[in-house]
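Asks: Starting from the known structure of chain A, fit chain B with the ligands onto it as the hints suggest.
Same order as they appear, the protein sequences are chains A and B. To convert, take the position in the first sequence, counting from 1, and add 252; that gives the numbering used here. To convert, take the position in the second sequence, counting from 1, and add 95; that gives the numbering used here.
Warning: the hint list may mix true and false statements.
[Claimed, not checked] Only some residues are given here: those of chain B computed to face chain A with a beta carbon under 10 Å:
hint : residue
1    : Glu106
2    : Val109
3    : Asp111
4    : Ser116
5    : Thr176
6    : Ala177
7    : Phe178
8    : Leu181
9    : Ile185
10   : Arg189
11   : Lys198
12   : Pro199
13   : Val200
14   : Lys203
15   : Thr207
[What the hints assert, rightly or not] Across the chosen pairs, the derived CB separations fall in these ranges:
hint : chain 1 : residue 1 : chain 2 : residue 2 : range
16   : A       : Gly628    : B       : Asn180    : 39 to 45 Å
17   : B       : Ala184    : A       : Ile487    : 32 to 38 Å
18   : A       : Asp586    : B       : Ala184    : 46 to 52 Å
19   : B       : Ala138    : A       : Asn689    : 54 to 60 Å
20   : B       : Phe196    : A       : Glu591    : 48 to 54 Å
21   : A       : Thr670    : B       : Gln119    : 40 to 46 Å
22   : B       : Lys150    : A       : Val619    : 23 to 29 Å
23   : A       : Arg695    : B       : Lys150    : 29 to 35 Å
24   : A       : Thr670    : B       : Pro168    : 33 to 39 Å
[Claimed, not checked] Below, simulated DSSO-like cross-link-like pairs (lysine-lysine); rule was C-alpha separation at most 27 Å, straight line:
hint : chain 1 : residue 1 : chain 2 : residue 2
25   : B       : Lys215    : B       : Lys152
26   : B       : Lys152    : A       : Lys653
27   : A       : Lys434    : A       : Lys456
28   : A       : Lys671    : A       : Lys653
29   : A       : Lys671    : B       : Lys150
30   : A       : Lys539    : B       : Lys114
31   : B       : Lys201    : B       : Lys114
32   : B       : Lys107    : A       : Lys539
33   : A       : Lys539    : B       : Lys201
34   : A       : Lys370    : A       : Lys386
35   : B       : Lys114    : A       : Lys527
36   : A       : Lys552    : A       : Lys539
37   : B       : Lys150    : A       : Lys552
38   : A       : Lys539    : B       : Lys206
39   : A       : Lys671    : B       : Lys107
40   : B       : Lys203    : B       : Lys114
Please keep in mind that the hints were generated in silico from the structure rather than gathered at the bench. For every residue, glycine included, the Cβ atom is placed at its ideal position computed from N, Cα and C.
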Amino acid sequence: MKIERRIILSNTFNVALLVLIGLFAIQNLNLLLTKLRFVEIADDLNASFLEMRLSEKNYFLYSDESALFEIRGKIGKTMDSIEAMKNDISRAIGEDNFRTLTFYLKRYSDKVEEVRRKGGSEQLETQLREEGKKLKEFSEAITLLERQRANEIISNSKKALFYSFFAILFLAVLMSHLISQKIVRSLREIERLALAISEGNFGKIEKITTGDELASVIKAINFMSHELRNREEEIIQSKKLASLGILTAGVAHELTNPLNNISMIAQTYTELYGKLSTEERLDFMQKVEGETERIREIVKNLLDFSKPKEANLREADLNAVVQGGLRLVQNALDVSKIETKVTLGRGLPHVLVDEHQVQQVLVNLVVNAIQAMSPGGELFIATRYDKKRRSLEIEVKDTGKGIPAEFLPHVFDPFFSTKDAGGTGLGLSVSYGIIKNHRGNIRVESRVGSGTTFTIELPAYKKEEEKER
Amino acid sequence: MSPRIMVIDDEKIVGDMAKMSLEQEGYAVETFTSAEPALERLAQEKFDVVVTDLKMKGIDGMEVLRTVKRLYPETKVIMITAFANLDAAIEALRAEVHDFFPKPVKIKELKTSIQRALGK
Ligand SMILES: Nc1ncnc2c1ncn2[C@@H]1O[C@H](COP(=O)(O)OP(=O)(O)OP(=O)(O)O)[C@@H](O)[C@H]1O
Ligand SMILES: [Mg+2]
Chain A
253 MKIERRIILS NTFNVALLVL IGLFAIQNLN LLLTKLRFVE IADDLNASFL EMRLSEKNYF
313 LYSDESALFE IRGKIGKTMD SIEAMKNDIS RAIGEDNFRT LTFYLKRYSD KVEEVRRKGG
373 SEQLETQLRE EGKKLKEFSE AITLLERQRA NEIISNSKKA LFYSFFAILF LAVLMSHLIS
433 QKIVRSLREI ERLALAISEG NFGKIEKITT GDELASVIKA INFMSHELRN REEEIIQSKK
493 LASLGILTAG VAHELTNPLN NISMIAQTYT ELYGKLSTEE RLDFMQKVEG ETERIREIVK
553 NLLDFSKPKE ANLREADLNA VVQGGLRLVQ NALDVSKIET KVTLGRGLPH VLVDEHQVQQ
613 VLVNLVVNAI QAMSPGGELF IATRYDKKRR SLEIEVKDTG KGIPAEFLPH VFDPFFSTKD
673 AGGTGLGLSV SYGIIKNHRG NIRVESRVGS GTTFTIELPA YKKEEEKER
Chain B
96 MSPRIMVIDD EKIVGDMAKM SLEQEGYAVE TFTSAEPALE RLAQEKFDVV VTDLKMKGID
156 GMEVLRTVKR LYPETKVIMI TAFANLDAAI EALRAEVHDF FPKPVKIKEL KTSIQRALGK
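Extracted from the complex, chain A is given alone in its bound form (with noise of 0.2 Å):
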């Protein structure tokens, strides 16, 4: 669902919400108001029976005929006033109570017509009183039971209100949280793929959970990606290409010493046949199988060079990698008088690597730097791991000559090189080629004049990405 649909859902359901306690504290009120009502014309009620009742006893002790005139006089004014607001009283106290009520009345005035007729005798005394008393009670716990409803009914809203107030915030920042919450996780995963292709690795967030705005975000992105990884193969594609052209031209050099010479063995051998002595045509043919096994050498080379071999990954410590590397190459670094400085990041996590591998790269890598440098000069090689990116790096950096602006970007190109003796111009480019296998990456940075440094990245090993979840 889509974000802002979300948003004006939660917002709708909390308007409903209002709306409804609104209505509810317009029901209570109202409820309140006819109670309230009710209660006034109880206590003129109330006070009309008080006066019936003094008539009765006046007419009682004193015999006083009038008296009962005056009731019946009350009996019916109330009587009146009672079916006029006949309404209002049966809705706040209820039809059966509105019943009893004006039964008694009729009971307690039938009774009075009774005494008005036969004269007031001991027995209807005693008859009268005791319907007069019933209606007076009757009405006073009706009044009472009203008033008690109504305290009821205020403290009920009241508590109502209160508690919708709390529900309504707590729905509301509840629902803000969520919808925050979840458009804060899409961000984080757009951030680690951003950053995951910033350094090279082209994946893509495979789980689009909504078809909210933050997934065309993401489609977007992953579209982006697959498109830079498309990209980077095509580049990758014509680099080989562009290496196969030089590669085929360095071969073809190489091969052509060798084979000029069997060719110019092969023509003398011939020519002077008749003159050769047993052991110079021996010598000849073993000049031969001296050549041919150079120009196998070669294609051995140019093999490795091509199709690098599987690397055997194994789980290791970087550090142990590292110094086992340099082991190979400390008999080269005292003979040239480099001084090394070595310092190895402390916890660093596990790699996946090929030790062999790796190892070769290192030493390409010092190699060049020894090549670099005149005696005396230094040699850093440092480990250190990157948590943000989650890689681990190795620093190889010399302090020699260093690599002028426009070499730089050839240094990794397969038979590149600015050595005449013994430099096929191989070892940067098969370490690259180790390196990326690797889904890592290799750098470098040079000043002419100050120096040259090289940097290997190598992701962390997964277990550590499992950890983290």
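Replies: Chain B with the ligands in isolation, oriented as in the chain A frame:
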């Protein structure tokens, strides 16, 4: 006196084979595997033909050609190379190379070229 031929190539076998084969023709042949001692030797004695490889460490064949042409204009230079390219060939022609052979070298052709260089 027999014509003097010098062969310079960092591949030792080239010199060895050329020497054996050319001596059959009655030439006096000396071989070198780098240009420096060869040029020193040229300063001592006159050679009729110098056969030199193009790509060598240190002083290369093109430089040998130029030096020889400057100091000993009568000496003919034949160039051989493992990696024939047009630019090098043109450069060599400008520097008055007598002949230019790609490897692998056909010894018979080399001999014919030397004969022509000697004016026979
Ligand atoms: N530490 C360094 N300082 C200066 N230049 C360097 C350094 N490392 C590499 N280079 C340059 O990069 C080129 C390519 O290096 P690479 O290791 O691929 O080949 P190479 O060292 O020339 O040959 P090989 O490795 O076969 O001996 C070198 O010839 C040199 O010019
Ligand atoms: Mg190297």
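Asks: All hints are to be evaluated individually against the structure, with a verdict given for each.
Replies: Status of the hints after comparison with the structure:
Nearest Cβ of chain A to the Cβ of Glu106 of chain B: about 5 Å, under the 10 Å cut. The hint holds. With its C-beta approaching chain A no nearer than about 6 Å, Val109 of chain B sits inside the 10 Å limit, and its interface hint holds. Contact between Asp111 of chain B and chain A, as hinted, is supported at the beta carbon level, the nearest pair being about 8 Å apart and thus within 10 Å. The beta carbon of Ser116 of chain B comes within 5 Å of a beta carbon in chain A, closer than 10 Å, and the hint placing it at the interface holds.
The beta carbon of Thr176 of chain B comes within 9 Å of a beta carbon in chain A, closer than 10 Å, and the hint placing it at the interface holds. For Ala177 of chain B, the suggested interface contact is upheld, since its CB lies about 4 Å from the closest CB of chain A, less than 10 Å. With a least beta-carbon distance of about 4 Å to chain A, the hint placing Phe178 of chain B at the interface is held under the 10 Å criterion. At a threshold of 10 Å, the smallest CB-CB gap from Leu181 of chain B to chain A is about 14 Å, leaving the interface hint violated.
Look at Ile185 of chain B: its Cβ only gets to about 19 Å from chain A, farther than 10 Å, so that hint breaks. For the restraint placing Arg189 of chain B at the interface with chain A, the shortest Cβ-Cβ distance is roughly 23 Å, beyond the 10 Å limit, so the hint is violated. The beta carbon of Lys198 of chain B is positioned within 10 Å of a beta carbon in chain A (closest approach about 4 Å), and the interface hint is therefore held. Because the closest C-beta pair between Pro199 of chain B and chain A is about 4 Å apart, less than 10 Å, the hint holds.
About 6 Å separates the beta-carbon of Val200 of chain B from the nearest beta-carbon of chain A, less than 10 Å, and the hint is met. A least Cβ separation of about 8 Å between Lys203 of chain B and chain A falls short of the 10 Å threshold, and the interface hint therefore holds. Using the Cβ-Cβ criterion of 10 Å, the hint placing Thr207 of chain B at the interface with chain A is not satisfied: the shortest such distance is roughly 14 Å. Between Gly628 of chain A and Asn180 of chain B the Cβ separation comes to about 42 Å, which falls inside the hinted range of 39 to 45 Å.
Distance hint check: the CB atoms of Ala184 of chain B and Ile487 of chain A are about 35 Å apart, consistent with the given range 32 to 38 Å. Range check, Asp586 of chain A to Ala184 of chain B: Cβ separation about 48 Å, and the 46 to 52 Å hint holds. Under the hint 54 to 60 Å, the C-beta atoms of Ala138 of chain B and Asn689 of chain A, about 55 Å apart, fit the expected range. The hinted window of 48 to 54 Å between Phe196 of chain B and Glu591 of chain A holds, with their beta carbons roughly 51 Å apart.
The hinted window of 40 to 46 Å between Thr670 of chain A and Gln119 of chain B holds, with their beta carbons roughly 43 Å apart. Distance hint check: the CB atoms of Lys150 of chain B and Val619 of chain A are about 24 Å apart, consistent with the given range 23 to 29 Å. Checked against the given bound of 29 to 35 Å, the beta carbons of Arg695 of chain A and Lys150 of chain B, roughly 33 Å apart, stay inside it. Here the CB-CB span from Thr670 of chain A to Pro168 of chain B is close to 35 Å, well matched to the stated 33 to 39 Å.
In summary, the hint linking Lys215 of chain B to Lys152 of chain B is not supported, as the alpha carbons are separated by about 34 Å, beyond the 27 Å threshold. Note on Lys152 of chain B and Lys653 of chain A: the hinted pairing holds, with a Cα-Cα distance of about 22 Å set against a maximum of 27 Å. Between Lys434 of chain A and Lys456 of chain A, the direct Cα distance comes to roughly 18 Å. Compliance with the 27 Å bound is thereby established for this hinted pair. Restraint check for Lys671 of chain A and Lys653 of chain A: the C-alpha separation of about 13 Å stays at or below 27 Å, so the hint holds.
For the hint linking Lys671 of chain A to Lys150 of chain B, the alpha-carbon distance of about 14 Å falls within 27 Å, and the restraint holds. Distance restraint check for Lys539 of chain A and Lys114 of chain B: the Cα-Cα separation of roughly 16 Å lies within the 27 Å cut-off, and the hinted pair is therefore satisfied. For a cut-off of 27 Å, the pair hint linking Lys201 of chain B to Lys114 of chain B stands: about 14 Å separates their Cα positions. Of the pairs offered as hints, the one joining Lys107 of chain B and Lys539 of chain A holds, with about 11 Å between alpha carbons and a cut-off of 27 Å not exceeded.
Restraint check for Lys539 of chain A and Lys201 of chain B: satisfied, since their Cα atoms lie roughly 18 Å apart, inside the 27 Å limit. Taking the CA atoms of Lys370 of chain A and Lys386 of chain A, the gap is near 22 Å; set against the 27 Å cutoff, the hint holds. With a CA separation close to 15 Å, the supplied pair Lys114 of chain B and Lys527 of chain A stays within the 27 Å bound. This hinted pair checks out: Lys552 of chain A and Lys539 of chain A have alpha carbons roughly 20 Å apart, not beyond 27 Å.
With a C-alpha separation of about 24 Å, the suggested pair Lys150 of chain B and Lys552 of chain A falls inside the 27 Å cut-off, and the hint holds. A C-alpha spacing of about 23 Å is found between Lys539 of chain A and Lys206 of chain B, which places the hinted pair at or below 27 Å, so the restraint holds. With a C-alpha separation of about 22 Å, the suggested pairing of Lys671 of chain A with Lys107 of chain B holds against the 27 Å cut-off. For the hint pairing Lys203 of chain B with Lys114 of chain B, the CA-to-CA distance comes to about 13 Å; that is within 27 Å, so the pair holds.
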